[in-house]
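Asks: Be aware that the sequence shown starts at 91, since it is given in this note's numbering, and climbs by one per residue.
If you are wondering where the hints come from, they were derived from the structure by calculation, not from laboratory data.
Among the clues, some could well be false.
List of simulated lysine-lysine pairs, DSS-like, C-alpha gap at most 25 angstroms [what the hints assert, rightly or not]: (1) Lys231 with Lys148; (2) Lys231 with Lys220; (3) Lys137 with Lys148; (4) Lys132 with Lys190; (5) Lys190 with Lys148; (6) Lys220 with Lys190.
Derived Cβ-Cβ restraints for the label pairs, each shown as a range [claimed, not checked]: (7) Ala216 with Lys148: 28 to 36 angstroms; (8) Ser213 with Thr248: 17 to 25 angstroms; (9) Lys148 with Phe250: 28 to 36 angstroms; (10) Ala216 with Ala191: 30 to 38 angstroms; (11) Ala216 with Thr133: 44 to 52 angstroms.
Idealized CB from N, CA, C, for every residue including glycine.
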Amino acid sequence: MAVADEGRVEAPPAPKKKSPLAMIIGLVLLLLALGGGGFAYKTMHAKAEAKNAKPASKAELYLPLDPPFVVNFRDDESLRYLQVGVTLMSHDADALAAAKAADPVIRDALVSLFSSQEYSIISNTAGRDKLQAQALAAVRKIVQARLGRPGVDALYFTSFVMQ
């Protein structure tokens, strides 16, 4: 407390009260600025992704691996033969081009896979489906190594003859 010349005591000046309206307006402006900045960032990020993303074709594209694979394998009773026609399906033309360029590598991997099978396993539907999944995984691995993405969506057995 300050003392005046005549012995009077003066009270300190009262602090200015902030208007609640000013605080609300400030808070609203801050929220709008943050929201606008977030929206701008998200929009720019989405545009950059769309620019860099390569549009995938909706059409199914097929690549038959000709000629069909013919391998032999032995079961408990005799020597057996397997002939398998294989066709690859993709929505990505670049993936099929990479598969076509790697045809000798893919054929080698599939011949090794097919010739290592047991007759009792691939003679039923579950075994055939498992073999198909293994063949698809082998092809995807080769295409992934060359293209940077698996690209092949499906592998179909267009013929499957065991003797």
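Asks: Now, for every hint given, state plainly whether the structure supports it.
Replies: Okay, the hints, checked on the actual structure:
A C-alpha spacing of about 23 angstroms is found between Lys231 and Lys148, which places the hinted pair at or below 25 angstroms, so the restraint holds. This hinted pair checks out: Lys231 and Lys220 have alpha carbons roughly 17 angstroms apart, not beyond 25 angstroms. For the hint pairing Lys137 with Lys148, the CA-to-CA distance comes to about 21 angstroms; that is within 25 angstroms, so the pair holds. With a C-alpha separation of about 39 angstroms, the suggested pairing of Lys132 with Lys190 is violated against the 25 angstroms cut-off.
For a cut-off of 25 angstroms, the pair hint linking Lys190 to Lys148 stands: about 20 angstroms separates their Cα positions. With a CA separation close to 24 angstroms, the supplied pair Lys220 and Lys190 stays within the 25 angstroms bound. Distance hint for Ala216 and Lys148: a CB-CB separation of about 32 angstroms, consistent with the stated range 28 to 36 angstroms. Range check, Ser213 to Thr248: Cβ separation about 19 angstroms, and the 17 to 25 angstroms hint holds.
Distance hint check for Lys148 and Phe250: the Cβ-Cβ separation is about 29 angstroms, which falls inside the suggested range of 28 to 36 angstroms. The supplied range of 30 to 38 angstroms is met by Ala216 and Ala191, whose beta-carbon atoms lie about 33 angstroms from each other. In this structure the supplied range 44 to 52 angstroms holds for Ala216 paired with Thr133, their Cβ-Cβ distance being about 50 angstroms.
Checked against the numbered hints given earlier, the structure breaks only hint 4 and satisfies all the rest.
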